[in-house]
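*Asks:* Line by line, the protein sequences are chains F and P.
Using my numbering, the first residue of the first sequence is number 89, and each one after it goes up by one.
Using my numbering, the first residue of the second sequence is number 50, and each one after it goes up by one.
Heads up, a few of these hints could be off.
[What the hints assert, rightly or not] Each computed DSS-like pair below joins lysine-lysine, with the alpha-carbon atoms no more than 27 Å apart:
#1 P:Lys-104 x F:Lys-99
#2 P:Lys-127 x P:Lys-158
#3 F:Lys-102 x F:Lys-159
#4 F:Lys-145 x P:Lys-158
#5 P:Lys-127 x P:Lys-104
#6 F:Lys-159 x F:Lys-145
Keep in mind the hints are simulated off the structure, nothing from the lab.
Since we're looking at a predicted model, the values are computed, not measured.
Next come the chains, spelled out residue by residue.
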Amino acid sequence: DTGVSQDPRHKITKRGQNVTFRCDPISEHNRLYWYRQTLGQGPEFLTYFQNEAQLEKSRLLSDRFSAERPKGSFSTLEIQRTEQGDSAMYLCASSPGGQGLNGYTFGSGTRLTVV
Amino acid sequence: AQTVTQSQPEMSVQEAETVTLSCTYDTSESDYYLFWYKQPPSRQMILVIRQEAYKQQNATENRFSVNFQKAAKSFSLKISDSQLGDAAMYFCAYRTPSGGGADGLTFGKGTHLIIQP
Numbered sequence: 089d090t091g092v093s094q095d096p097r098h099k100i101t102k103r104g105q106n107v108t109f110r111c112d113p114i115s116e117h118n119r120l121y122w123y124r125q126t127l128g129q130g131p132e133f134l135t136y137f138q139n140e141a142q143l144e145k146s147r148l149l150s151d152r153f154s155a156e157r158p159k160g161s162f163s164t165l166e167i168q169r170t171e172q173g174d175s176a177m178y179l180c181a182s183s184p185g186g187q188g189l190n191g192y193t194f195g196s197g198t199r200l201t202v203v
Numbered sequence: 050a051q052t053v054t055q056s057q058p059e060m061s062v063q064e065a066e067t068v069t070l071s072c073t074y075d076t077s078e079s080d081y082y083l084f085w086y087k088q089p090p091s092r093q094m095i096l097v098i099r100q101e102a103y104k105q106q107n108a109t110e111n112r113f114s115v116n117f118q119k120a121a122k123s124f125s126l127k128i129s130d131s132q133l134g135d136a137a138m139y140f141c142a143y144r145t146p147s148g149g150g151a152d153g154l155t156f157g158k159g160t161h162l163i164i165q166p
């Protein structure tokens, strides 16, 4: 296993279009997280899954955002009717769960630019 | 809600010297976890070091060590013998224990570390 994979690495879209990102976590990790990082800021928590269950969603996750992890493996994050304010790096991370001392393993991110 | 503050937007250090990055946090919890992450220009976040709040002993990982002051809610990172490869954004992060509610990491805004050759 080579780590957390995210696809695509870069996405440029026109305002109003829908976009979907994919994350493949480390296979034995049952927890998967999505974060958003804007320029000059630290990552902000969006949502997380334990296996296929979405356990928590941040208030940052508006109705235009939806995330799924249908079989408890890979996850998708969809943004509908994109806005310029959605431009950011979207980071995925996974964790084996259990004790909170386990750090996350992050992917390289998907950079979204909305024009 | 927990908050994490990194008061140094940028730090610069000469190669082989020691540098300390500051982090303070605010929480009402007594049990939690603290982390330092490194984000090089390639953008992938890498875990540098972690600390359990109930452990008095400061964590150490090779050239990286922390100064954890629980009462002061301070968690600084010391990098000894700085190397060019240490140049990156460094983020301090806080996490509540699993199963205690919010499971996400709360990050500070980061410190940009520059290594002068």
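*Asks:* Hints first: check each against the structure and report whether it holds.
*Replies:* Here is how each hint holds up against the structure:
In summary, the hint linking P:Lys-104 to F:Lys-99 is not supported, as the alpha carbons are separated by about 43 Å, beyond the 27 Å threshold. With a C-alpha separation of about 18 Å, the suggested pairing of P:Lys-127 with P:Lys-158 holds against the 27 Å cut-off. For the proposed pair F:Lys-102 and F:Lys-159, the alpha carbon gap of about 31 Å is over 27 Å, so the pair is violated. Under the criterion of a C-alpha separation no larger than 27 Å, the hint pairing F:Lys-145 with P:Lys-158 is consistent with the structure, at around 21 Å.
Restraint check for P:Lys-127 and P:Lys-104: the C-alpha separation of about 18 Å stays at or below 27 Å, so the hint holds. For the hint linking F:Lys-159 to F:Lys-145, the alpha-carbon distance of about 19 Å falls within 27 Å, and the restraint holds.
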